Structures are given as C-alpha cells and as structure tokens.
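A.B. asks: These are the residues of each chain, in order.
Number of protein chains: 4
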Amino acid sequence: MSMADPDLARIVSDIAEEMSARTDRGQVATYIPELANVDPARFGMALIDLDGHTHVGGDADMPFSIQSISKVFTLTLALGRVGDRLWRKVGREPSGNPFNSIVQLEREMGVPRNPFINAGAIAVTDVILSGRQPRETLGEILRFLQFVAEDETIFIDQEVAASEKRTGFRNAALANYMKSFGVLENPVDFTLGVYFHHCAIAMSCRQLARAGLFLANNGRNPVNGHSVISAERARRINALMLTCGHYDGSGEFAYRVGLPGKSGVGGGILAVAPGLASVAVWAPGLDEAGNSHLGRIALEELARRTGWSIFGH
Amino acid sequence: MSMADPDLARIVSDIAEEMSARTDRGQVATYIPELANVDPARFGMALIDLDGHTHVGGDADMPFSIQSISKVFTLTLALGRVGDRLWRKVGREPSGNPFNSIVQLEREMGVPRNPFINAGAIAVTDVILSGRQPRETLGEILRFLQFVAEDETIFIDQEVAASEKRTGFRNAALANYMKSFGVLENPVDFTLGVYFHHCAIAMSCRQLARAGLFLANNGRNPVNGHSVISAERARRINALMLTCGHYDGSGEFAYRVGLPGKSGVGGGILAVAPGLASVAVWAPGLDEAGNSHLGRIALEELARRTGWSIFGH
Amino acid sequence: MSMADPDLARIVSDIAEEMSARTDRGQVATYIPELANVDPARFGMALIDLDGHTHVGGDADMPFSIQSISKVFTLTLALGRVGDRLWRKVGREPSGNPFNSIVQLEREMGVPRNPFINAGAIAVTDVILSGRQPRETLGEILRFLQFVAEDETIFIDQEVAASEKRTGFRNAALANYMKSFGVLENPVDFTLGVYFHHCAIAMSCRQLARAGLFLANNGRNPVNGHSVISAERARRINALMLTCGHYDGSGEFAYRVGLPGKSGVGGGILAVAPGLASVAVWAPGLDEAGNSHLGRIALEELARRTGWSIFGH
Amino acid sequence: MSMADPDLARIVSDIAEEMSARTDRGQVATYIPELANVDPARFGMALIDLDGHTHVGGDADMPFSIQSISKVFTLTLALGRVGDRLWRKVGREPSGNPFNSIVQLEREMGVPRNPFINAGAIAVTDVILSGRQPRETLGEILRFLQFVAEDETIFIDQEVAASEKRTGFRNAALANYMKSFGVLENPVDFTLGVYFHHCAIAMSCRQLARAGLFLANNGRNPVNGHSVISAERARRINALMLTCGHYDGSGEFAYRVGLPGKSGVGGGILAVAPGLASVAVWAPGLDEAGNSHLGRIALEELARRTGWSIFGH
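In order, the protein sequences belong to chains B, L, F and U.
Residue 301 in the numbering used here sits at position 301 of the first sequence, with consecutive numbering throughout.
Converting from the second sequence to the numbering used here requires adding 1000 to each position, the first position being numbered 1.
Converting from the third sequence to the numbering used here requires adding 2000 to each position, the first position being numbered 1.
Converting from the fourth sequence to the numbering used here requires adding 3000 to each position, the first position being numbered 1.
Any given hint could turn out to be false.
Per label pair, the in silico range of CB-to-CB distance [what the hints assert, rightly or not]:
(1) U:3230 - L:1031: 56 to 66 Å
(2) B:31 - F:2131: 36 to 46 Å
(3) F:2041 - B:21: 52 to 62 Å
(4) B:61 - U:3087: 45 to 55 Å
(5) B:87 - U:3087: 37 to 47 Å
(6) U:3081 - L:1031: 18 to 28 Å
(7) B:23 - L:1084: 20 to 30 Å
(8) L:1227 - B:82: 45 to 55 Å
(9) F:2031 - U:3033: 49 to 59 Å
(10) F:2136 - B:108: 39 to 49 Å
(11) F:2052 - L:1109: 42 to 52 Å
Source of the hints: derived by calculation from the structure; they are not laboratory data.
Being a predicted model, the structure only gives us computed values, none of them experimental.
Note that the Cβ used here is the ideal one computed from N, Cα and C, for glycine as well.
Isolated chain B, as found in the complex (with noise of 0.2 Å):
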C-alpha cells in the first residue's frame, strides 16, 4: 500500500486521547533532577508504516531522554563494528534480575547477561570505544541516530549527561566490576562517560519511530532504501528486544503486548511489528520494573485493535 491506512491514524489518536485522561500513571524516575522535573502527564506515540506513512498522537514531537532505548542502536552499531565477537563480552539470555543488578556479573565472571541491562550495555559502549577518544566515539553514536532517523537536529542533552556522571555510582560500579575480570578494555572513565552521553540523547516519539523503521524491514529502511543491516541480524536484534528489551518486566512485555520493544527510564518505548510499522510511545512514569506504565498499556491496546502481535494473527 502507498496511503496511509486510515484506521491506523484513528487507532494511534483513540490512544493518544485515552492515554492522557488517565490517571494512573506510575512514577517518574527520580535519580536524576532533569527526569524528575518531566511532566508525568505528557503522552507521546508514533507509528510510521514500511511505506513511511507516520501516524501521531499527544506529544509526538516533544524530545525527551531516550535513556536505555540508546541501546538498541549501540548494539547495531557494536555488531557492525565487530560482528559477533561481541559475544564474547556479553550473553544472549534474560537476566532475571533488576536492571542494575550486580549480583549475576559476580556469578559468571563479570560477563554480563545481555546487551540491554546496564552492564551489558556497557560492555557494548567499551566494544564501540575500542580505544578512540570519548568524544569521537560519542559522534559515530549520534550520527549513526541521525542517519537512521534522518534527522540532524537529534542531539545530546547535555544537563541529563552531566547528572548521570555526578550520580551514576552503581554504572560505576558495574564498570569497574567488569574490568576486574577483564571485560573492558578502555579507561573505566572514557568508557562511562560515552555511555553517559548516549542515554541522555533526546529524541522525539515522531524520530525515534523512524530510527527503528529498519528493524521492522529486515534491517533497510523501506523509505529511502538504505541498508542498515542484514535482514538476519535485524531478526536478531528484534529476538533480543523480546526477551530482554523490558528488563525484568520482559516476560510480561512479552505477554501482554507480544511485540520486541525497548524501554527507557525516561518513559519511553520503542516497539517493532515485523514487516509492519515502527512504533514509539512516551509516557514518563513508569512501574515497579522501570518501564514506562501508560506506554506498555498504549502498545497493548495498539496489538490488541491491530492484531499485530509476533505470536498469533
């Protein structure tokens, strides 16, 4: 198809209005000031088709802190840069664990679970480092977001990033921890500070659902053409964002929504439907596990009215 889908425009505004009368809204992330100054009332969501028709609804175009949906794409970027050496430095398997638990790195010798809990993404930010400078290696980073978002305003807040340097003691931890066993191979500090700076990009329902247009269409972006990946490692990086986007609320995210989705603790959810769409959601408050509260129930009622879900048509 070449139009937008009219029912598609209608469900993603349905949403948008029922998400923003309620009033159960979870809570937003407080370890930050700059999080914890977002209005918990704004709601985001965007849904781009493989035709590149973009559907929005509320706060669509409001940049917020993309926080660990950073992750997804330091992965592509890792797996481009060394392929699948990089598991060597991290696992493939759900952690069962809090987000920042540092208890299974003692367990398997500092390697870590998975690429999108904190440690893991960690280990995936030292594999892009590989040695450059901070700053440079910062660039391919948010470059890599513009391409794929084609868009250049995308940038890095640099107020999130310097809190998260000021207060993030358990990242430290975590880092430090693994270069004890021999898991990181810069500078703890250059390390941390790159990943620092690529959760605090911001970055706008409408843009982010954009970058993931490519893992919606086996690793090419269907607008423009561009290959981004490889259609097997697009598959692969989706299985991945299904059964660890959602930390240790993955199984649920699972369930419930039945899409690969990534979440952040600025409220944010990226979520694929396989040769369908790309969607984005934003809400800031989040539950007991850290995702955002209203952006999974957003997707939920999205699969449930598209009958989108990987696991049954």
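Position chains L, F and U relative to chain B; hints supplied.
C.D. replies: The following block gives chains L, F and U in isolation, referenced to the frame of chain B:
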C-alpha cells in the same frame, strides 16, 4: 492452500538427513536409566501445516518421553480451569537460572518465575489437581493430550514415572519449599505424583506436532475445527514459550530460531510458527542448558530455509 | 573452690529479677501451636560451676522445647560415631544467611555450611542414623542427653514433634535437596523423623546447664568425672558454637556476650564459659534473627558482671 | 611473671624451624607484582607476652605488606572517632562469602556485613576520612600504627600502594556500589586512596605483634602503660576478629587455632591470646580462602603446644 507444499516436504527430509549424519550430539540425560538408555543417534521430525498436511523425517513415529514439553499442555489446562487466577501462584518472567534452581524461590517467597521451570510446572500441576485425586487428575491430563493430538494411543510410560519418583529429590525439594510458603494447596505427594507422571508421557514427533497445532492457529485446531482456547490465550502461551520455553537457553533459542518453543530433557522440542505450522523434533543429546542439541539446530535450519522467524521475514 | 560462690548466686537471682520486669520480650515463635502457646513472660536461668554448684533464677525448673540446642548434642554424638569424616557432609563456616536458607546449598553442591543451621543439623542427624531405624537412633540421642544431664526424666514432647512433622515443609525441602546431591544416605523420611523428634526434646534450664557442663571442662563432667569427649573436641565444639551458634546473629552474640552459645527457637540458650561454668537461659520471645531476645540480654549482663568473656578479662 | 618463659622461646623457634622445612606453602597472591615477587619460602614469627618479653623465629624482622591486617587498626581508630555510630555503616556478622564479594551488598542495601571484608574496611576508612584530606587521614593511620608498635620506622610501601590503585577495579566497584546507597560520604577516590595506602603499610612480625599487644591486655599496652581503648572495646574487637577475621575461613581458623586473628593477603596473621600474648606470623603462600597457609598451621601448632585456645584450657 489445501495441498501439501512440496518444498516443505523436501526441507524436512533434508534436515532429517543432515541431522542423522552429524556427530555432534550433546549428552543424553542420565538422571534416570530410562532416559540414559535411549540411542543418542535417534532423530525425528514432524511438521504439520494449517491444512493438516504433515511432513515427517527420521524417527518421527517413535514415541519418546516428552518430559517438560508436557508443561505447555498442563499450562493450557490450568488456565482453562482457573483463568488468570493462575498468576497468583506463578510468574511470567524468564528465570535467569537453571531449570531446577531453588535460589529464586527463596528470594521471591516461594512463587516460581514462570510455568516452564520445574517449580512453576509443579505449581501449575497443583492448580489442576485442585483437591481431587491424583489418578483422576492424571487421567484428565492424558485425555487432553489424546484429544489435541487426536490420538488415543498416547500413553504414560510407567517405568519412567516410577524412576522419576524414586530419584526426584530435587523436585521434592522444590515442592516442599513452595508448600512451606503456601503456594501449593494439595499434599506434596499428590502434586509430585501427578507431575512425575505427566512428564513421563510418551509421544512421537508426529503426535506432538499435531497436539501443538492449536497454538499455531489462534487456539483452534484448523483441521477438525475444534476450539481449544481463545486466540488471546494462544498468543500468550506462545509468548511464554518464546521467553521461557528453553530454561536458561531461551534467549539463545529466540535469537537463533525465532519461534516459540518448549523443550524437554527427553530431547524433544515443540515449536510453533504462528499462522503457519506446528513442528516437533527429537534428538536425545542435550546441550549445557538441558535442551536438545540437534533439535535446536534442526529448527534453526528450518527457520533459515522457510524464513518463518516471528522477528522478520 | 568447693563451695558455691555467693556472688554468682546473687548475680543469677538479680538477672532473673531484672529480666522478669522487662517488657521488651521479642516475638514468640508461631510456626507450630505448641510453641506459640508458651507464656512470653516466662524467664528461667541456671548456672552450674565446675564444682557442680548450681545457681538458679526464675522458671529454671520448667521444661521447654530445646529445639536447635539439641544440635550441640547430636553434633557431639556424630563426631563420636564417625570422627572427622563428618566434615565431608557439613562445613564449619558461618553461613551469612538465615537459619533455614536454601540458597547456600545450591551454590555449594548440597553441603551445608555448618552443623547448626537446619540443613547442617539434618545432615548430622543422617550420619547418626547411619542405616539404623529411626526409633533406635532417637533412643540413642535421648539417652545421651539423659546421661550428660544425669537425669532420666528428660523426654520428647510428642505433640511438638508431631506438629513439626506436619508443618516442616521447609526442612523437608532442605532434606530432599541434600538428598539430591547425595549428602543424605538414609531415606529422607527417616532422617527428618529423627530430626523433628530430637528438636522436640523438652528440658529445663537446670537440666540443660548440667548437660552442657562437659563443654566447659575440656570434655569431662567435673562432678562425676565421666569423660564425654576429648579436650580438643570440646574446644572445637565451643568454637563452632561461637562462630555459628546463633544463626545470622552469631557475630552479634560473640560481640555482646563473648561466650560460645547455642540458641533454639523455643527461646532457650546454652552458653559455655570454658574453665568456669555452663549456663542455660530461657525466655520465649525471639529477636529478628530467631534468637531469644531476653536470653541474650541476660547472658550479656552475666558476662558483664562476671567478666567471663573469652575475649579478655 | 617478669622473666621470659624459656618454653615459649623454644616453642617459637621450633615452629619457625618446622615451617621453614615444609614444602606445602600455598600460592603467593599474584594480583599485584609487588606481592607476587615475594619469596614463598619466607617464614617469620614473633610473640610478645604481657611483660613485653618477645620471642622471635625466622624472618621476624623483615617487613612485609600487612594488607588487610591494617583493618584491625582502622577499625580501632574509627570506633575511637565515632563510637557505636560506626555500626550504622557496617555490620558485625560473618559474611559467608569471599573477601571481595559484592553479592551481599546488593541484598543488604549497600551495608557491608563486617569491618574486615573489603567493602566493610572501605566503609570504615570512609568514616575515618570524614571530610578531611586523604593525606592527613593517612598520616593519622600511620602515626597510630607507629604509636601502638612504639616504632616510628613503620612506613607505607608506595609501590604497593600505586599498584593497588592501578589494579583495584574490584575495590572501586565495591566503593562505588556503597556510594550509590549513600553508605560512603567522601569522594570515592579519596576513600579508595586512603584504603589502598593503609593496606600497603609494611611491618615486620616483631612490629606487628607489638602493635597488637593492647588487644591482649584489655585495651592497654602492658609495657608502657598507655591506654589505647577501653577493655570492653578490646574484647569486642577480638570477638570480631574471631568471627570475621579470616574471610570465609574464619570458622576454620576458630576451629583449628581458637584465637582471635586477622589475616592479610601479604601472608601475615596477627593473633591475640587474651591475657597472655600477641603473636604475628608471616608466610606468603595463601590457601583457597586467601589466608596464609603456613601461618595458620604455625598458629595451630602454637595453640596446641601452649594450650592457649580461648575455647578451653
């Protein structure tokens, strides 16, 4: 389509041939003699599409001990019996631990993480038992499998069941532990008795593929039209198989195969391609996570040649 | 000295009076009705010096359920039976976990950390059982206690034993778990049966203090001259009581009281002042670690007034 | 007594001779080159009684890296500085885990179990630092050791300190982890800097035995009469050494030696015989728990020949 796809026939027979020729076979489970004595060179495969066309290869008609694959069917039964109240007794998250771990139970007040680790499946069995006699309950489970497989010859291997009972101290530990937290309601011996017996059900690949067909078709058997469960419930069981169906190798299976699946230590795997087919493979040798080594490779090959991954086409 | 020390008499009666007046009593154990029904206002104390002079205060002659204090005597018996081979089945380190934790067993292949946590005491009981009948073994344990206490009226409270058996699922979990690793050699039911019954032995403070006297005198009863164990073994049992005798409150007890001691959830504590005296206290209310709240405070006061700490005079 | 005991002289020289002849020596710590290069055949021993008579054997005057033995003295200083408020930042229980484990910190909100595991000693160092400059704090620690040892030649081995700093990623992980829970109050780098340097203090057995003498004499140096701490505090530090002084080998040390002691990975052990003597041994090879192999055996032999166990005479 109403005619068998000749390509599928070819793919299945090719894979069966390739697998039979491989010498890397993993280790046959040794904890009970009945499993240890199985010939490690066996390989069977059966695929049934939504039209009921069945393609088989290797030892597809030889019954084997389905072991944990039975947990898919007891979960289906338990949900039918108590609905979402089941989730008070068992979670929906990957465990991040081996199949028989007890650590997680201590941390989480005796509530197992999901219905597919041993503790979770014992809790599910307890829900089905629900105050009744073990014999009656076991009869219900067996009849359900005979019903979905449309085959009354399916039986319980009493020698396997007796062996499991004699040596099942770790499962007895799990059951008593949950009982101490009030998660189990029936006498521990009753629940374990039913559990050991339903794990000892023997089926062939052909029977197993047919038994799982309703999961590939939104809860309804596409051949005889019988509705087994709702479409939503079928999707959700598939989601649980994807995130938790291979113990601490679930992420790996999702990454490599990309289909919901459930393995058993007898060497069987049931996989579901939603909207397309149900597949059963059997190869007795296991990998380190306790899943069939060649079974997983066979399904990886199937997914590669058919493009059936749920994560992209 | 061969005459009773009037100061000790005064100290014991003072402490008994003070403790009876206190209103902070902790929580009586509730897991079986027989323990929950005990009057929390009870307090008993008995001290016997190496000349056999006995000083008592409060309810010193009222029998109570000694529970885990029995583990000191089963350890003594097991060492007598198999010597240092016992240490193949159980360790000698503090556990760093609550008394009924199962986590450590998984990490350490079913070998409990020490003979005084539940798992360790069950393993010790299994060693005493050693292929015999439960009744015979239990008789041996009871007769040993009657022998060291020089009192044939000591008995097993059958109601307590029956209750423990009915509700002891967590201990059944521990026993089955160890059995799965081959740490237990007898049928689980046999071992648990003996364990539940020796924990149900009832003794008064006076009986208990006398029973422990050999530990204060290098393994020999100083009154009747009976040699129970070697001096080295007595020292080593005392060392284990000091490091492991109060579960996850052992460090606290060493820090505050400074004497080897063993507590039970019935509210009793047996303490040993090497070269000086054996002391038993009883106050049913427990602290968070499961040790007698006033019992510990009474012993702290005793140590303060006598200067009997083993860590300095 | 005011004259040296000729038997003690004999015992010490006998033990030094026996130990030098043994070929089982354990493994020298390798994590920093300065420790790895120490000759594994070294053995030193010094015993000083309450009259100040000193008996030495082997390499008793050769300085070695005291490493974790410094934790006894920083604990003493921190208690002097803040008294029992210290216990808000660190517990008093054995850990049941290796010396550098981080698992327990996650379970217990960043509060380390005791002052003698690495995390606990870092927390204690942070309390001493208390807003001051690292250099000033380190000076205080060094001067305290020179004061209690009555020897101003005691020094910090700067090469060892620099190496620890370069490779101390695991300690940096522990410190950052505690910082994330608010347990540390100073900048992580400050606290770690002081910690690495006080672990790098070099002392001989003779100096170390003298430095520990106040712990054997109720807190007062019996030779020069200086009061260091109260008798109660000395007893309590001894109790902590007994229950926690040898990491996950503390139970074993209490069982075999029966004296409060603190080990360091440099191969030293300081042991205290309350009311009798202070003893230091040094043998660089370590056992699996990270404690001096021959050092422990030497002290076991000393306890056997003197009958100095605190658990019986």
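A.B. asks: What are the numbers of the hints that this structure violates, sorted from low to high?
C.D. replies: 2, 6
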